[in-house]
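**Q** Sequence:
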Amino acid sequence: MTAGQIIRNAGAGLIALLLAACTDGAAPVEPVLKPLARPDAAASASPPVQVARPTSEASAQLRSYLNQVQGAQLSQGLLRRDGGGSDTPFTNTMLARNFEQIALYNEYDSSFSGRGGASPLRRWTAPVRMEVIFGDSIPPSERATDSANIRAYAERLERVTNHPVSIAKRPNFIVIIADEDDRAEALAQAAARLPGISAASLAPLNNLRDDTYCVVAAYASGQGSNVYTAALAVIRAENPSLLRLSCIHEELAQGMGLANDSPSARPSIFNDDDEFALLTRHDELLLQMLYDPRLSPGMTADEARDTIQTIAAELTGGGPV
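In our numbering, the protein residues as written are 1 to 321.
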């Protein structure tokens, strides 16, 4: 079983971290952390009214900080939502190169201290069934917005990959949206909902640094160590609206199998510069390539390279996009 982790440190850009392990049980494949880049009572006959739990001072301070971060990024022209345009052309050669770097390489080794290397292709073969778990402090209005955004994005992921992705019961991909005060409880709920995933294995996701605002971990079990069987994304509720939506876009796409980042990928959310907040046309093509039946889980870069180049040429018409 393999595991990978991507961390973006304040002021340091995106750092990708990949682990490798293999067991018969489920173990994390891809924890992917997204940190900060540039900090400069109802009537008895009626159903109970859901009231958000008050937040702690620590959570309130983090919310204020993240709002400042989003404002600073927007003032620098970052967090674009246009998907790319005439200022961000790419060719089939660039698309093939970016796919190889993002889907078939790790950036750090299992000790988190050395450079990683080539990694086999990983993706889902079973339908992806998503469920959202909210912390008690999340008010109903935010729950409604987040739920709608995740449902719409799941539909987009299914359309792009041609792989079943839906909001459903009996989940194998849980999205947690919780603040500092609620995360431990939400993780315990997730552990109970994901077969083969223990609460102990999720403990690291409860100890996030302040400069980390979302994370995704994918899991595999049995012989198919390159086939995802479960995933869990954790998104800080303290994030303001655009950072929160950006987390949804990046972490759920990472959880589909695009685990690495590349500084040369543009226009892309799989880059360390935060230029784009939301999935781009370029990124849609990467996902389409990942789930192309001509590629299969476990393929190495050398084994897949010719096929990757063929698919990239087909998707772009062989010219600039």
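It is worth saying that the hints were derived from the structure and are not from the lab.
Among the clues, some could well be false.
Stated by the list, open to error - Between beta-carbon pairs, the in silico distance windows are:
| no. | residue 1 | residue 2 | range |
| --- | --- | --- | --- |
| 1 | A200 | T307 | 36 to 44 Å |
| 2 | A118 | Q288 | 20 to 28 Å |
| 3 | A188 | R209 | 16 to 24 Å |
| 4 | R209 | S296 | 32 to 40 Å |
| 5 | Y65 | G85 | 30 to 38 Å |
| 6 | T310 | E142 | 38 to 46 Å |
| 7 | P240 | A118 | 42 to 50 Å |
| 8 | R294 | Q68 | 45 to 53 Å |
| 9 | R159 | S241 | 20 to 28 Å |
| 10 | D302 | A58 | 44 to 52 Å |
Where is the CB? At the ideal position from N, CA and C, for every residue including glycine.
**Q** For this structure, which hints from the list above don't hold up?
**A** 7
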